[in-house]
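Student: Below are the chains, spelled out letter by letter.
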Amino acid sequence: MNRGGLVLLLGIAVGVATHLVYFRVHEPADTDSIDAQLAWMRGELQLSDAQFARIRELHEASNPRLRALAAQVARMEAEFAAFENTRRTTDRVDFIEFARFVETRRAISQQCLDSTRQLVRAAASEMTPSQRARYLGIVALNTQPTGPLTN
Amino acid sequence: MTTPPDPLDPLLDRWTESTESAPDLAPEVWRRIALAEGASRQTGGFWGELDAWLSRPPFAALFVTCCALLGLFLAEVRVNRMQREHSAEIARSYLLLIDPLLKAGPDARLP
Numbered sequence: 007m008n009r010g011g012l013v014l015l016l017g018i019a020v021g022v023a024t025h026l027v028y029f030r031v032h033e034p035a036d037t038d039s040i041d042a043q044l045a046w047m048r049g050e051l052q053l054s055d056a057q058f059a060r061i062r063e064l065h066e067a068s069n070p071r072l073r074a075l076a077a078q079v080a081r082m083e084a085e086f087a088a089f090e091n092t093r094r095t096t097d098r099v100d101f102i103e104f105a106r107f108v109e110t111r112r113a114i115s116q117q118c119l120d121s122t123r124q125l126v127r128a129a130a131s132e133m134t135p136s137q138r139a140r141y142l143g144i145v146a147l148n149t150q151p152t153g154p155l156t157n
Numbered sequence: 279m280t281t282p283p284d285p286l287d288p289l290l291d292r293w294t295e296s297t298e299s300a301p302d303l304a305p306e307v308w309r310r311i312a313l314a315e316g317a318s319r320q321t322g323g324f325w326g327e328l329d330a331w332l333s334r335p336p337f338a339a340l341f342v343t344c345c346a347l348l349g350l351f352l353a354e355v356r357v358n359r360m361q362r363e364h365s366a367e368i369a370r371s372y373l374l375l376i377d378p379l380l381k382a383g384p385d386a387r388l389p
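Taken in sequence, the protein lines are chains A and B.
Numbered by the numbering used here, the letters in the first sequence go through residues 7 to 157 in order.
Numbered by the numbering used here, the letters in the second sequence go through residues 279 to 389 in order.
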């Protein structure tokens, strides 16, 4: 191969290598862990170290309860699907049992809303007014179709 | 005693007869050089030109540097776009973390 061709290949190889290295170094982290989410919140709201520590503490404290509620909500969803299945196949509904189910689901939903609002209020109380406005904007914007968490 | 005839003798005899060069020799030589260069340029085309440029060390260095910068620029564009998507995704994950009803869908909030 002639010299020009070698230089051409070398240039392409260098370009691809720099692209891959830079991209790998600046690649965003995962989104599922609470650490990644809190780190995102810290950057997004420009929280100080003290604010971040307090908000992290609040989230870690409420996390087990929220997870337990999420498990209960999932169980209620499964029960509702079973009710629907029974109604479709047998065309019969146990109204007393269904009324109990609705009551339980309402109570769990209320607990979920209360827990979430409590966490949002507690976290917002650690923020400056501008941070709070931004935070409540994020929370309210993403939950608007089913009702704001900030009431 | 006679010496044997040297085969170079007739050639040397002819060399002494100097001939005048044609008056249009120099222009003809330059014309042929120009024709040969033009022919080689035409047979190489674009790749020949590129090869000629890249064979020069300053242009080769410039080309490799430009490739590296282009790679960095495209990586930066890609990282920016991914970070925007990542930000929206992590906001959604955070809301799923703090609001268990979001996972269940809108029916779960109904009374």
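The hints are simulated quantities; they were obtained by calculation from the structure and are not laboratory data.
We put the CB at the ideal spot given by N, CA and C, even for glycine.
Among the clues, some could well be false.
Quick partial rundown of chain B residues pointing at chain A, CB under 7 Å, derived from the structure [claimed, not checked]:
(1) W308
(2) A312
(3) G349
(4) V355
(5) V357
(6) I368
(7) S371
(8) D377
Here are some of the chain A residues that sit facing chain B, going by a computed Cβ distance under 10 Å [to be verified]:
(9) V13
(10) L14
(11) L26
(12) E50
(13) N69
(14) F107
(15) L125
(16) Q137
(17) A139
(18) L142
Student: Each hint should be assessed against the structure and marked as holding or not.
Tutor: Status of each hint after checking the structure:
| no. | hint | verdict |
| --- | --- | --- |
| 1 | W308 | violated (28 Å) |
| 2 | A312 | violated (24 Å) |
| 3 | G349 | holds (4 Å) |
| 4 | V355 | violated (10 Å) |
| 5 | V357 | holds (5 Å) |
| 6 | I368 | holds (4 Å) |
| 7 | S371 | holds (5 Å) |
| 8 | D377 | holds (5 Å) |
| 9 | V13 | holds (4 Å) |
| 10 | L14 | holds (6 Å) |
| 11 | L26 | holds (8 Å) |
| 12 | E50 | holds (7 Å) |
| 13 | N69 | holds (7 Å) |
| 14 | F107 | violated (12 Å) |
| 15 | L125 | holds (6 Å) |
| 16 | Q137 | violated (15 Å) |
| 17 | A139 | violated (16 Å) |
| 18 | L142 | violated (12 Å) |
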